[in-house]
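Go ahead and model the full structure; you've got the sequences and the hints to work with.
Those protein sequence lines, which keep their order, are chains A and B.
In terms of numbering that gives the first Met the number 0, the first sequence is residues 0 to 434.
In terms of numbering that gives the first Met the number 0, the second sequence is residues 0 to 878.
No lab work stands behind these hints, which were simulated from the structure alone.
As the structure is a prediction and not an experimental result, all values here were calculated from the model.
Glycine included, each C-beta is placed from N, C-alpha and C at the ideal position.
Keep in mind that a hint or two might mislead.
To be verified - Pair by pair, the computed Cβ-Cβ distance ranges are:
| no. | chain 1 | residue 1 | chain 2 | residue 2 | range |
| --- | --- | --- | --- | --- | --- |
| 1 | B | His154 | A | Gly65 | 28 to 38 Å |
| 2 | B | Glu800 | A | Leu420 | 39 to 49 Å |
| 3 | B | Glu641 | A | Trp186 | 50 to 60 Å |
| 4 | B | Leu336 | A | Gly260 | 15 to 25 Å |
To be verified - Every beta carbon over 12 Å from chain B, so not counted as near; a handful from chain A, in silico:
| no. | residue |
| --- | --- |
| 5 | Gly39 |
| 6 | Thr71 |
| 7 | Asn83 |
| 8 | Gly177 |
| 9 | Asp311 |
| 10 | Gly324 |
| 11 | Ala326 |
| 12 | Trp366 |
These are the residues of each chain, in order.
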Amino acid sequence: MSMTRGLKRRDLLRLAAWSSIVASMPRPFTVHAATGDNAGPLIVTLQVSGGWDVSSFCDPKANVPGEKVINTWANTGEIQQVGNLSYAPFAGNATFFEKYYQHMLVINGVDAQTNSHSAGVTHNWSGRLSEGYPTATALAASVFGADLPMGYVSGGGYQETARLVRYTSLSNPEGLAGLINGNVTLWDAEQQYRHQSDLDRIKRYQLEQLEELLGSSTLTPRQRHAMETYYQARVARTELGAFAELLPTGDELQPSVQVTGDVQSTVHRQAQVALIGFQSGVSMAADLFLRGFDTHADHDQDHEPMLAHLTDAVDYIWETAESLGLADRLLVFISSDFARTPRYNSSEGKDHWPIGSAIFMAKNAPWGNRVVGGSDELQNALNISPATLLHDDVSGRHIYPGDVQRTLRVLTGVDQHESALRFPINTGDYMDFLT
Amino acid sequence: MILRQWLLICSVLVLGACKHPLVIIGEGDIVDVNGGGFGCTLEQFQAGSTACSVNAVAGDYSVRYQAVPRPGWRFVRWEGVPCAYYSESPDCQFDWTSEQVELWDSVYPDFDTPATVAVFEPFNDALDLFVSEVSSQVIQTQCIACHIDGGLSSHTRLVFLPDSEAGYQEHNFQQFVELAEDQAATTDYVLGKVQGVGHGGGVQLTPGSSGFIAMENFLTLLTGDSGSGGGEGLFADYTLADGGETLRRAAVIAAGVVPAPDEIQNARNAGDEQLRAMLRGLLTGEGFHKFLIEGANDRLLTDKWIDNRLFNFREPYYPDLANYFYDQYLSGEVMALRGMRPALNYGFARSPLELIAFVVENDKPYTEILTADYTMVNPGLKLPYRADVEFEDESNMDQWLPAEVEGYVRIDTTTSYERGDVGAKVSGGLATDYPHAGVLNTPGWLARYPSTDTNRNRARARWTWYHFLGVDIERLASRTTDPEALADTDNPTLKNPNCTVCHEVLDPLAGSYQNYGDDGFYKDQPLGMDSLPRLYKRDNTPEDPYQFGDVWYRDMRAPGFGDTPLTNTDQTLAELAAQIVQDPRFASGTVKFWWPALTGEEALTAPENTEDVDYAERLAVFEAQSEFIESLALQFANGIGEGAPFNLRDLMVEIMMSPWFRADGRVVQSEDVEEGPMLGIGSGKLLTPEQLDRKTEAITGFRWFVQENNGVEVSQLDGTYRLFYGGIDSDGVTQRATEMTALMSTVVEAQPLQLGCVLVAVEFNTPRAQRRLFTTVGKDDVSEDLIREQLVVLHEKFLGEEVSVTDPQIDIAYALFTETRAERMTKGFDTRLNGTDEACPFQFIPVAESLDLTDPEHTLNTWVSMMIYYMTDFRYVYD
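Laid out in structure tokens, this is it:
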């Protein structure tokens with residue numbers, strides 16, 4: 000492409016607004032004092048892909064005489080209770096709920112209003128059915144982590160950022176440290192390719208080129224955006240060293256796990272790398288992704304290990320956060336596309352069902368040990384009064400994913416921020432699940 | 000009688016050829032439905048094109064014309080030389096053999112040639128247009144499911160009557176009349192709804208489609224308001240890249256090459272037609288082949304199988320394969336089996352992609368990607384397929400030849416099967432004439448979207464609609480759905496309108512995959528008669544839907560495509576493929592399929608929510624892009640310019656000629672305009688790891704440390720660091736990154752850090768006349784003039800811009816050069832490449848051992864720094 004020259008102050012200010020380049024000009028290039036000075040929230044969301052069976056988890060359902068069997072486990076088992084929470088005696092639920100109920104807010108009877116995967120994913124992770132809204136994690140990262148080199152990391156799933164921020168993939172952390180420390184040779188950690196002063200100089204001169212290029216008044220939106228993001232990446236890249244120092248290698252990395260016949264999970268590894276990103280101060284929001292819940296056939300056989308793996312992963316998140324000293328600042332949010340039918344199909348599977356659940360977790364949260372919303376004995380959503388949060392068929396309404404996302408925005412402190420207000424969620428009267 | 004009439008029209012052009020003029024009265028096109036290269040557009044007719052006035056015919060003349068009216072017009076009748084009696088209006092068919100044509104040529108060489116005439120006339124009024132073009136084509140097919148008394152949309156202002164009730168057309172027309180009376184900007188309002196804007200029924204029509212155009216024309220005639228036409232003038236304040244820049248950018252993206260300076264200069268001076276020819280000339284060779292494979296895989300994702308075993312080698316359907324593994328394992332030839340696995344994986348993964356590449360590179364009609372009665376075979380697939388092909392090198396798995404599958408066997412009573420630890424001993428069975436249907440029944444494609452007893456091929460159907468027809472089923476009704484409907488247990492996909500809105504489109508096409516089991520094997524059930532699951536068939540009682548001999552579920556819609564049932568129970572997919580390629584959406588779907596490969600962004604979808612802050616801008620861009628895509632699709636189907644129908648290379652050229660690819664600057668920078676919707680348009684595309692790899696090789700002659708992976712050479716960019724740099728693995732990671740992150744930027748740095756020193760060493764140990772990069776300086780040259788000249792060369796090669804030695808950008812680069820060199824001298828850095836404190840990884844790249852690495856003037860090491868400088872420049876990694 001061709002670029003004309005002529006720097007305008009406006010352009011640099013515009014760039015500086017998100018990358019703090021002004022603070023770094025002409026040197027050094029640091030945009031953020033690294034290693035843990037981000038005092039904002041730390042957010043992990045866990046996208047349970049395919050549609051989880053909440054009737055075997057946090058919205059347990061016994062079988063109803065005269066109706067089709069909802070859950071095989073209910074033929075012999077009974078719904079369990081710990082604190083104010085109920086759970087199904089299935090998979091690893093007992094251990095999980097017993098350990099964490101005081102830190103959990105469970106919202107049941109969430110109406111996804113669709114049986115379509117893509118619509119369900121969009122609705123649950125952005126707050127509305129239409130495409131185009133960012134995830135709450137992207138919003139939070141744009142507010143609190145815009146100048147972090149990996150403010151928002153993602154293990155997959157719904158990753159819409161609405162161009163507020165960029166996400167960094169967690170797909171393959173092996174070899175990451177070597178790449179970040181790119182000036183160290185592949186064969187000898189004591190050797191380098193070039194003198195560091197040489198690389199610093201090159202970067203400084205490239206900033207001058209940036210002035211030249213961004214000074215053009217004739218850039219297309221794509222050119223300008225690409226330049227800005229590229230140089231933001233180049234500048235922020237310096238901070239990755241702290242991350243690389245903490246990154247585990249080889250056997251220290253959490254292994255991928257064969258959960259079922261065709262599900263190989265890396266969710267523990269995603270969590271491990273995300274939390275190290277938090278610890279090193281380069282990240283503050285992470286979407287973890289676990290697929291394998293779309294059990295249209297052999298539901299019990301496949302869903303049981305998947306749920307057990309899910310709760311084990313959440314436990315791993317908390318245990319690791321505790322060991323890294325992050326647990327007190329951590330918010331975990333778990334949800335799925337929708338839920339599964341309260342009955343089995345001819346293949347012993349369960350199909351799509353729009354009425355599901357969502358879970359918030361934070362250590363010793365005032366809203367912990369709480370359940371709001373609900374569904375009836377056949378897993379139909381109840382109408383809930385926005386004022387009292389009680390079942391109310393007269394003035395109540397269903398809880399929608401938008402209500403859950405509004406809560407997530409409140410918990411992450413972005414609900415009144417300009418960025419969030421650009422993407423209003425209109426579900427009706429606010430449902431305050433937190434007080 | 001018919002033959003006599005036909006023979007009367009022929010006159011000799013050349014031996015064995017005659018002409019059949021086509022005439023258009025009114026406004027419309029004569030389209031060759033089967034894409035055989037005939038047809039006459041209105042513009043061609045008005046311009047006196049020989050496509051209409053001559054319409055040369057040679058050899059067999061088997062063609063089905065279709066009269067397609069332009070907006071506001073309708074087809075009335077055919078006149079002149081009559082169509083075959085079995086033609087169904089608006090079609091007009093001719094079927095004559097070459098012998099019949101030649102006979103007449105030789106007997107009656109001098110007759111004047113009468114024409115076949117398509118007569119179109121304008122509509123009289125809005126009701127006329129509504130009845131003719133909107134009522135049955137749109138209202139009764141798209142809207143009636145919900146906008147009906149008792150339907151989901153019965154609360155809206157548009158509630159229609161079905162065509163089974165008297166007076167339905169007048170009633171339905173009146174609905175629009177009343178809407179127009181109290182709805183401002185009715186045309187925009189309704190057209191927005193059908194595109195999914197604030198519409199509970201999601202997207203029903205896309206701009207440029209025949210239904211959309213009919214609706215637009217009707218509303219315009221009804222209200223006198225043609226709507227805002229948001230797409231007009233979209234590029235009014237944009238400038239386009241000149242021919243040279245367009246050529247270079249296209250070459251890097253689509254061909255993995257960098258044109259020589261004189262080629263770029265020629266392109267800069269070329270007119271549009273010359274530039275088209277130059278762009279088309281790029282679309283060949285190894286780089287283009289890789290571009291095709293990557294572009295196709297980005298959609299189909301069958302590369303998943305390269306690192307994943309496709310199926311168990313004990314399966315009996317390819318007995319030669321099962322037996323080979325069985326025998327080799329028993330005889331202890333384990334190593335041979337280890338070599339066989341990656342060859343098979345590669346074969347199954349790449350076969351559908353190679354078929355697409357084969358069709359495109361041989362200028363076959365693109366329709367053949369679905370209709371091909373052959374598949375593509377590499378040495379790994381030769382054995383299981385019993386393919387009748389010979390390869391030059393049986394060990395090179397990346398060779399591909401077209402062939403038929405002759406080794407597929409179904410299970411019947413003669414099948415003998417003995418399971419082995421590895422493989423199986425298989426004999427007997429039912430030999431099968433594998434019913435090829437292009438990509439659609441390649442094992443890689445079928446297994447990429449496996450089915451289940453309850454999914455019933457719906458995933459395969461969904462992606463068939465999406466990839467080959469450009470229709471996203473899930474967007475047909477992604478909005479709020481009635482909770483009671485979602486809880487319906489009485490076969491809702493067949494009966495409940497909430498569900499049927501998608502399933503009546505999805506399920507018949509799912510049925511067309513009826514012969515393929517969950518894992519993709521043809522008629523895989525015992526006796527080899529069907530692929531229905533045992534669970535469905537197990538209780539064969541009169542009350543159960545299954546009846547002996549069935550090949551598809553009785554409680555689902557019958558196999559079909561749209562309204563057309565597919566009745567060939569052995570070759571249903573081939574029958575489907577023939578239907579798909581005749582559908583106009585195949586052409587527009589093809590444009591959308593290849594759009595991301597060339598532009599780096601998906602084709603846009605309609606914004607759905609009018610309250611979005613950038614709604615108006617997004618709608619305008621979407622409408623403009625949709626109109627472009629539909630227009631291009633029509634040309635693609637009929638032949639672009641004088642080209643053949645469905646020629647993909649012609650299509651790619653037109654995309655690259657368009658402002659969607661070439662937008663390169665703004666006349667004026669607008670401060671107040673929401674720019675988000677334009678972020679994916681024009682230059683500034685982040686190169687994929689594979690594209691950056693090819694660009695580096697094209698410019699420098701080197702790839703970043705090539706290694707062999709399962710017999711295929713990969714560099715660090717398209718191998719080790721592919722995922723770090725935003726690439727995909729076709730399994731868990733299926734979306735390419737389009738924006739740079741800090742982590743990705745480490746890959747950008749790592750390439751020249753590791754490669755730069757090697758490049759400089761090799762270049763300066765090569766005679767200057769043979770060098771690629773350092774063509775103006777010697778090893779110890781330090782004069783400012785020479786350095787500046789060399790920087791100009793590097794600037795042009797790496798960044799694609801021609802600048803002068805006094806350009807400020809060269810000033811900056813020269814300052815960097817001198818400052819770098821000065822520091823080296825001041826601090827006494829090593830005067831060699833690969834010195835004690837700066838390593839040069841020669842061990843990873845095959846270079847001569849006797850390189851002179853001395854650097855007494857610190858120039859070589861300084862040039863290494865300049866390599867890093869240029870190869871980490873924004874303009875190097877974006878294009």
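The hints, checked one at a time:
no. : hint                               : verdict
1   : B:His154 with A:Gly65: 28 to 38 Å  : 34 Å, holds
2   : B:Glu800 with A:Leu420: 39 to 49 Å : 42 Å, holds
3   : B:Glu641 with A:Trp186: 50 to 60 Å : 58 Å, holds
4   : B:Leu336 with A:Gly260: 15 to 25 Å : 23 Å, holds
5   : Gly39                              : 19 Å, holds
6   : Thr71                              : 17 Å, holds
7   : Asn83                              : 27 Å, holds
8   : Gly177                             : 9 Å, violated
9   : Asp311                             : 19 Å, holds
10  : Gly324                             : 24 Å, holds
11  : Ala326                             : 26 Å, holds
12  : Trp366                             : 28 Å, holds
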